[in-house]
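Engineer: What follows is each chain in one-letter form.
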Amino acid sequence: MVNDQFDKSLLKAAACLFYCMVFISICTGCSLKKTPYQEIIHKKQKDTILNSINGLYPDRFKAIHRVILTLSGKDYVLNGYLSVNRPNREFKLIAQNDLGGIIFDVHYIENIEQQIHNNLKSIKNEWLIKSLLRDLKTLYLLEPCSSDTLFLDQQGNFILSREQGILKEELIFKPFKEQPRYQLYKIRHLENRKLVYQVDFEYGTKGNILYPEFIFIKDTRMRYSLRINIQYFM
Amino acid sequence: MRFKIIYIVSVFTYAVLLTLTPVFANQDFSIPEDQLNQLLMDIESNFSEIKTLRTKLKQEKSIPIFSEKILSKGFCIFKSPDRLRLEFTEPFKSSLIINGNQVFQYEFFDGSWHKLSTGNKEILLMIMGNITSWLKGRFNDQNLYKISALKNENVTIILIPKADEFKKYITSFELGLNSTLDGLDHIIINERKHTYTKIQFYNDEINIKIPDTLFYGRKDAPTPVLQW
Chain A
11 MVNDQFDKSL
21 LKAAACLFYC
31 MVFISICTGC
41 SLKKTPYQEI
51 IHKKQKDTIL
61 NSINGLYPDR
71 FKAIHRVILT
81 LSGKDYVLNG
91 YLSVNRPNRE
101 FKLIAQNDLG
111 GIIFDVHYIE
121 NIEQQIHNNL
131 KSIKNEWLIK
141 SLLRDLKTLY
151 LLEPCSSDTL
161 FLDQQGNFIL
171 SREQGILKEE
181 LIFKPFKEQP
191 RYQLYKIRHL
201 ENRKLVYQVD
211 FEYGTKGNIL
221 YPEFIFIKDT
231 RMRYSLRINI
241 QYFM
Chain B
10 MRFKIIYIVS
20 VFTYAVLLTL
30 TPVFANQDFS
40 IPEDQLNQLL
50 MDIESNFSEI
60 KTLRTKLKQE
70 KSIPIFSEKI
80 LSKGFCIFKS
90 PDRLRLEFTE
100 PFKSSLIING
110 NQVFQYEFFD
120 GSWHKLSTGN
130 KEILLMIMGN
140 ITSWLKGRFN
150 DQNLYKISAL
160 KNENVTIILI
170 PKADEFKKYI
180 TSFELGLNST
190 LDGLDHIIIN
200 ERKHTYTKIQ
210 FYNDEINIKI
220 PDTLFYGRKD
230 APTPVLQW
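Protein chains in written order, with this note's numbering: chain A, 11 to 244; chain B, 10 to 237.
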């Protein structure tokens with residue numbers, strides 16, 4: 011009888027301890043998931059970050075993109091010959107095979123022109139607009155916007171956040187070698203807080219100035235990824 | 010009045026000369042059809058001696074949006090009948106290997122080679138199949154191309170694709186032969202919108218021993234090639 015009561019109290023204590031542990035783990039998990047962003051209201055700081063978007067590339071430049079497109083587990087290699095005019099909000103791109111043969115070409119001027127000539131039957135123009143045009147606009151026609159909210163995360167990165175309906179765009183900047191300059195190293199698009207699109211930048215030197223040399227794009231909704239190696243002509 | 014007549018005659022003569030020059034130029038250089046077939050047979054016979062070939066290449070691209078020529082370097086290795094390796098070394102490193110009906114593709118990034126899961130095998134096999142045929146001196150595929158030839162300093166074979174689908178990519182190929190008519194000096198791939206790609210071959214070595222391993226689709230990286 012005494013033993014029975016002792017067993018029951020032991021079970022109760024064990025159950026209590028178990029619930030406590032579960033509760034603590036859940037709480038700990040929650041606090042880890044929430045990234046404590048600190049909003050930066052300081053205008054000078056925000057202007058410096060916004061200016062670093064302008065300073066990412068020169069106003070006008072040309073580049074060759076060596077691209078590996080991975081789509082449905084298959085890799086497609088192509089060369090993109092690109093010309094960008096940022097003040098004019100314009101770019102031209104010719105995509106070719108290694109040995110020649112234009113796969114598609116694009117001419118885009120914001121609100122004025124959107125021409126796509128596509129020679130591949132297996133790729134639809136609509137897909138190119140949703141993927142390629144969006145990628146190029148995201149990479150080369152980014153614009154600073156004063157209404158963006160600026161945060162500082164725990165790692166010391168600055169996050170410029172803009173929301174359009176359910177879509178949230180985050181531009182993440184790292185401080186650049188202890189100087190008052192910032193380098194864009196990631197772009198994230200979140201839909202209902204779920205990551206749907208990500209761009210990662212790796213920098214290389216061209217004429218003593220750092221430019222993105224490798225760019226990785228992953229679109230989880232459209233199920234493609236791009237690995238881009240860039241050679242600039244400036 | 011006299012001056013006026015001289016002026017009119019001069020302008021007329023100049024205009025006639027301007028009109029006729031390209032006609033004569035073409036007539037001078039183009040090889041008549043009755044000689045073309047014999048020439049093609051001679052070339053194929055000469056090229057059939059090539060069992061293996063390795064050659065360096067310089068690629069020059071002209072693209073309307075670039076004022077400068079875009080240059081690449083690499084090499085090409087061929088082993089008759091159906092093995093071909095095309096490798097670019099500058100500015101980007103890549104390797105494309107055809108071994109029979111197998112395609113292996115590699116890209117060099119992050120400091121090492123990576124084997125790709127090629128998505129457009131059929132197109133690559135078609136392109137490389139064409140190059141392999143040309144390296145064997147077989148230009149006369151009348152199903153695919155309208156063929157003609159020019160003789161200036163050297164002979165140039167001109168292939169114009171017949172199929173509309175093909176014409177969307179390529180308007181013509183110019184295959185420049187060497188002076189002894191037993192090898193390719195260059196290939197020019199002409200496209201729409203004043204775009205072309207010229208591949209110039211140099212430092213070629215014919216019928217040397219080339220190991221089969223160079224065409225294997227190894228898991229990690231293409232079999233290294235000793236430079237020459």
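It cannot be assumed that every hint is accurate.
So the derived list for chain B, only partly shown, Cβ under 7 Å to chain A, looks like this [unchecked claim]:
#1 N108
#2 V112
#3 F113
#4 E116
Derived list of chain A stretches under chain B, where covered just means 3 residues or more per stretch with a C-beta under 8 Å from a C-beta of chain B [claimed, not checked]:
#5 107-113
#6 230-241
Worth flagging that the hints you see were computed from the coordinates, not collected in a lab. Quick caveat: nothing in here was measured; it's all calculated off a predicted structure. Glycine included, every Cβ here is placed at the ideal spot set by N, Cα and C.
Engineer: Each hint needs a verdict: does it hold in this structure or not?
Structural biologist: Structure-based check of all given hints:
no. : hint    : result
1   : N108    : violated, 18 Å
2   : V112    : violated, 11 Å
3   : F113    : violated, 12 Å
4   : E116    : holds, 6 Å
5   : 107-113 : holds (count 6)
6   : 230-241 : holds (count 3)
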